Amino acid sequence: MHTYPGKSAAALTCAIALAITGCSAGSDDGTAGAAGTAPSAPQQPSPSPSPSDTASSSTSYAPYVSSTEASDSDSAGSPATYNLAFVISDGSDCTPRWNGTDAITDSATKSRISQLAQDGAGVRVSFGGASGKELAASCDSAAELAEAYGKALDAAGSSQADFDIEGDELTDSDSVDLRSEAIALLQKERGDLEVSFTLPVMPAGLDDDSVALLESANRHDVQVSTVNIMTMNYGESYAGDMGDYALTSAKATHTQLKEIFGTSDATAWRAMALTSMLGVNDVDNETFTLDDAAQVREFAEEKGIGWISMWATFRDRQCDDGSSSDDALTNCSGVDQEDGAFAEAFSG
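In terms of this note's numbering, the sequence shown opens at residue 182 and continues consecutively.
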């Protein structure tokens, strides 16, 4: 089901390794991205962690949070970085908005971001998500798209951008290429801009569409620091243990990345992040427990994975019995727990 053409090895060698090894698809000798040309073996340098990760050499905890509404569980587990969800188009043009509705310069949102960062945590702006219209599907040019991304980053005071690409946006090759071109332009303007791609995964690893996205990023000389895999939504046929599936997915992806990049075990692990959907999911048979969270944390530390995350802090609480306003897929976990328990398990 997952096939990788021979030319992918050369084309993708730099995609994640750019920020880690200094490799560049646009290197002067022109060989790094040449189809059919084997890349030079990397020198196995240590990964370059995000500024928010430098306080510890262990896996950091970086949950997804609402960009507009505070949650009592936001600070549980003392996150190193918050992933602000989500910046998308307003639906009609190339205007970036929080959740497609709130202006990126909204004073309440700015105040929220300041509060999140009070304890020294970093802030990463996440573009895209499972709903709404990603900016790359609305903007007419790479320059216009880069400007839109830049405005959102400036509004949040962030130099970290996450691109959560899934569903129709992942299979739209035109928007994929436009996004890659725009990110490359933005990185030329902002030398400290760190980029992660959040992508769907199966126990067998990344699918062809996700690989095609990374190939596009590489062709446009995007420097990608991390590939964050969403260890969730496998389908109703996967009725086993969600913790085991998360580890199986990570191992399969690691094998793919190691082979594609021609790099060491450690470098491939460090360039990976894992995001789980806590509690119940919208797929039958998928319930991610606190034991699963502890299992993922232990595995991530053992392998040296860059960071782990969850969807999302505002769900990290037990649903109120009999409450008509509580939805386990929206604002609570659907499992028995103390408030913030998943954050504590993920942060170790």
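Just so you know, these hints were derived from the structure itself, not from any lab. In this text the structure is predicted, and so the values were computed from the model without any measurement. Check the hints yourself; a few may be wrong.
To be verified - For lysine-lysine, the following BS3-like pairs were computed, each having C-alpha atoms within a straight-line distance of at most 27 Å:
# : residue 1 : residue 2
1 : Lys314    : Lys291
2 : Lys332    : Lys314
3 : Lys369    : Lys432
4 : Lys314    : Lys369
To be verified - Pairwise CB distance ranges, derived in the manner of DEER restraints:
#  : residue 1 : residue 2 : range
5  : Asp355    : Asp388    : 33 to 43 Å
6  : Ala447    : Ser288    : 21 to 31 Å
7  : Asp274    : Asp446    : 18 to 28 Å
8  : Thr436    : Ser273    : 41 to 51 Å
9  : Thr249    : Asp321    : 36 to 46 Å
10 : Asp472    : Lys369    : 21 to 31 Å
All C-beta atoms, glycine included, are put in the ideal place defined by N, C-alpha and C.
Check each numbered hint from earlier against the structure, then list the numbers of those it violates in ascending order.
The structure breaks hints 3, 5, 6, 7, 9 and 10; every other hint is satisfied.
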